[in-house]
Amino acid sequence: MRQPQTHPSLIVRLKDRRNEPAWAEFLCAYEPFLWQLVRRQGTPERHVADITQQLLMAVARSLDGWRDDGQAASFRRWLSRVARNVVIKFMTRERRQVTGQGGTDFLEQLEGQPDLAESERLQGLYEHELIVWAAHEVRGDFRETSWQAFWATQIEGKGVAEVAAELGISPGSIYMSRSRILARIREKIDDAM
Amino acid sequence: MSLNSDACDHDLLRLSLDDRLSEQQEDALARHLTECTNCQCELARLAGSDADWSKVSLALKYEAESACGAGNATRATTPRTERDEDDADDSSADFAVDFLEPSSAPQTLGRLADIDILEVIGRGGMGVVLKGYQAELKRLVAVKVLAPHLAVSAAARKRFAREAQAAAAILHPNVMPILTVHSGGKLPYLVMPFLACESLEQRIARDGPLPLVDLLRIGMQSAQGLAAAHAQGIVHRDVKPANILLDLGVDRVMLTDFGLARAIDDASITRTGLIAGTPQYMSPEQARGEPLDARSDLFSLGSVLYAMAAGRPPFRAETSYGILRRITDSDPRPVREINEEIPTWLAAIIDKMLAKAPADRLESAQRVAAILEQCLAHVQQPTLAPLPDFCRARRPPRWLTVPLVICCATVALVAAFLLWPGSIDRPAAPASDSAASDPSPAGSVPTADNSTPRMPVGSATEWDAVADQLDQLDRDGRVFETRNQREWDRLPIPLPPETNSDSDLISRPHLENDP
Numbered sequence: 001m002r003q004p005q006t007h008p009s010l011i012v013r014l015k016d017r018r019n020e021p022a023w024a025e026f027l028c029a030y031e032p033f034l035w036q037l038v039r040r041q042g043t044p045e046r047h048v049a050d051i052t053q054q055l056l057m058a059v060a061r062s063l064d065g066w067r068d069d070g071q072a073a074s075f076r077r078w079l080s081r082v083a084r085n086v087v088i089k090f091m092t093r094e095r096r097q098v099t100g101q102g103g104t105d106f107l108e109q110l111e112g113q114p115d116l117a118e119s120e121r122l123q124g125l126y127e128h129e130l131i132v133w134a135a136h137e138v139r140g141d142f143r144e145t146s147w148q149a150f151w152a153t154q155i156e157g158k159g160v161a162e163v164a165a166e167l168g169i170s171p172g173s174i175y176m177s178r179s180r181i182l183a184r185i186r187e188k189i190d191d192a193m
Numbered sequence: 001m002s003l004n005s006d007a008c009d010h011d012l013l014r015l016s017l018d019d020r021l022s023e024q025q026e027d028a029l030a031r032h033l034t035e036c037t038n039c040q041c042e043l044a045r046l047a048g049s050d051a052d053w054s055k056v057s058l059a060l061k062y063e064a065e066s067a068c069g070a071g072n073a074t075r076a077t078t079p080r081t082e083r084d085e086d087d088a089d090d091s092s093a094d095f096a097v098d099f100l101e102p103s104s105a106p107q108t109l110g111r112l113a114d115i116d117i118l119e120v121i122g123r124g125g126m127g128v129v130l131k132g133y134q135a136e137l138k139r140l141v142a143v144k145v146l147a148p149h150l151a152v153s154a155a156a157r158k159r160f161a162r163e164a165q166a167a168a169a170i171l172h173p174n175v176m177p178i179l180t181v182h183s184g185g186k187l188p189y190l191v192m193p194f195l196a197c198e199s200l201e202q203r204i205a206r207d208g209p210l211p212l213v214d215l216l217r218i219g220m221q222s223a224q225g226l227a228a229a230h231a232q233g234i235v236h237r238d239v240k241p242a243n244i245l246l247d248l249g250v251d252r253v254m255l256t257d258f259g260l261a262r263a264i265d266d267a268s269i270t271r272t273g274l275i276a277g278t279p280q281y282m283s284p285e286q287a288r289g290e291p292l293d294a295r296s297d298l299f300s301l302g303s304v305l306y307a308m309a310a311g312r313p314p315f316r317a318e319t320s321y322g323i324l325r326r327i328t329d330s331d332p333r334p335v336r337e338i339n340e341e342i343p344t345w346l347a348a349i350i351d352k353m354l355a356k357a358p359a360d361r362l363e364s365a366q367r368v369a370a371i372l373e374q375c376l377a378h379v380q381q382p383t384l385a386p387l388p389d390f391c392r393a394r395r396p397p398r399w400l401t402v403p404l405v406i407c408c409a410t411v412a413l414v415a416a417f418l419l420w421p422g423s424i425d426r427p428a429a430p431a432s433d434s435a436a437s438d439p440s441p442a443g444s445v446p447t448a449d450n451s452t453p454r455m456p457v458g459s460a461t462e463w464d465a466v467a468d469q470l471d472q473l474d475r476d477g478r479v480f481e482t483r484n485q486r487e488w489d490r491l492p493i494p495l496p497p498e499t500n501s502d503s504d505l506i507s508r509p510h511l512e513n514d515p
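Protein chains in written order, with our numbering: chain H, 1 to 193; chain W, 1 to 515.
To be clear, the hints were calculated from the coordinates, so they are not data collected in a lab.
Treat the hints with caution; some may be incorrect.
[Stated by the list, open to error] Here chain W is said to cover these stretches of chain H; the calculated rule only asks that three of the stretch's residues, wherever they fall, bring their Cβ under 8 Å from a Cβ of chain W:
{"id": "1", "region": "118-131"}
{"id": "2", "region": "167-176"}
{"id": "3", "region": "180-192"}
We treat Cβ as the ideally placed atom computed from N, Cα and C, and that holds for glycine.
Let the sequences and hints guide you as you build the complete structure.
Below you can see the structure in the form of structure tokens.
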């Protein structure tokens, strides 16, 4: 148990030393995501670093609760779950703060469990943040025309042939690059999760 | 099946996802894909399930629409702009303004007890700072309101009040006074005098490294403020440039936010957990989550001195985890490598304060203040005020230095002479000589031998030994510090009254060096 007077820290001595590389790897992949998420939640720029670190510390504090379930990547999966819970709680709080609710109502809501619909909505919000972040991250890995083709056909719903003509590329290369982009986005999310 | 002559190739599709096709393969596959709907579907399936495709597309579409309505590919996946940040700033202040009572006075945001709140002047990690006016006392005040997420339980609020009251008991010119602590209402708050000031953080960001005199003055006054707190058993826990305020107009430094980091820690421990502080100025024991004492503040103050000298904090990394690792595991880049105008004695003081083990640091804030005060006097009045003993003790006595340097130089010269292959034994080695004259001797090694570095076999350990010696001497500051000391020695330092012949040599070495 942690004594109240000790500072929690990102440098944790894990019960199971084998997990330390996994923890370091998680931080490398997850911190950039958190950084953007905290910023997008409306945190003033100069507090982004503080809050990001605070959230990571909250995750770090739960590390001793891990039990090996014998399945593959047990620690990593558990870590993702803890991180998701911490972030979702943070988003709840931020949202309430932004809507201007303070005082006792605010406190009661924070203590109580969100109802099922609310919980699903938050899960969705979390997923949304991950996707937007991952897309932002991988975008630079692709040629501009590839990204435009992906965007026009997949997000704006234009036809492949039409876009191919507009951009002066072959329809086949659009199929290829948009699949690559989706695969990279998924890969990026998996790394952080 | 495709009408194209190319056959469908599952492996090729997989490789194309990883972008591992040759240009020819890629062109061929693009042609094939244009025609073959089977392969189009198959490739899409390999990239992700239908659910994956629709989730990603919907998320990006929603994002694009909510970003600015332009549906522009660029906007949707770029970070928010300055305009968005301003909006965020406004909304995050809501909680502080919301909890005010309405005020009858015009031009005010609201009222808090007897204070008319005029404006929001800042937002710290722990809450919001408001500017207010106490009509009865006719004075401006700064009100620090704890953020709602930190004021979650009665225990947390009590803790905040207790720490603030303890801090309020520190009466010292270099500690920001706390006029009132209020923990009864919805959100706890502190009332402090309103001062026109900037933080050291702002100053460093604007001006970069500070002039030596300012650095010493700010360091000294901060140490004095810390000493006053430590005397009452209060550890600051969050000493950093943002918490060091520079009173505009007068040369006064004030520390703020005493002990509040701790109160916030406790508040956060009861819930998901939020603790204060960017980690850049944390001490190693803090980074490791170990119990702290006053010496942790001294490490942080050392980091602040470093930041004033170098224009940036000593430990930097991309991630906060990386910063903490550096704090616990590695030495910062020597400050004089970044700013060569920093005297060696100041670099030595900073190094000492940044010792990883608390026991290796200077023993108290009081000692730090005393040393910096003497240094300041010395810099302002070199002829009247000597450097403190601590700084001089770092240098070896002059009667030892000169022989040492001579000795060391001799060792190096002799070693170089003996070990340099061309110096003694090479003329006596005919094989090498012939090799040198013949560019391509058949079946012989000497060409390699002739190329630099020409090190005789078996000398590696000797080289290492010499290198070690030099390194050791350098680390003790005996080789390179002398060069720098000469500059200091040019300043005529008066002899202390109780001088003897040895200290005479210490203070007036130029007599020896000058011809």
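Verification of the supplied hints:
Residues of the region 118-131 of chain H lying with their CB closer than 8 Å to a CB of chain W number 3, which satisfies the three-residue condition for coverage. Given as covered by chain W, the region 167-176 of chain H passes the check, having 6 residues with a CB less than 8 Å from a CB of that chain where 3 are the minimum. Note: the region 180-192 of chain H has 5 residues with beta-carbon separation from chain W under 8 Å; the three-residue rule is met and the coverage holds.
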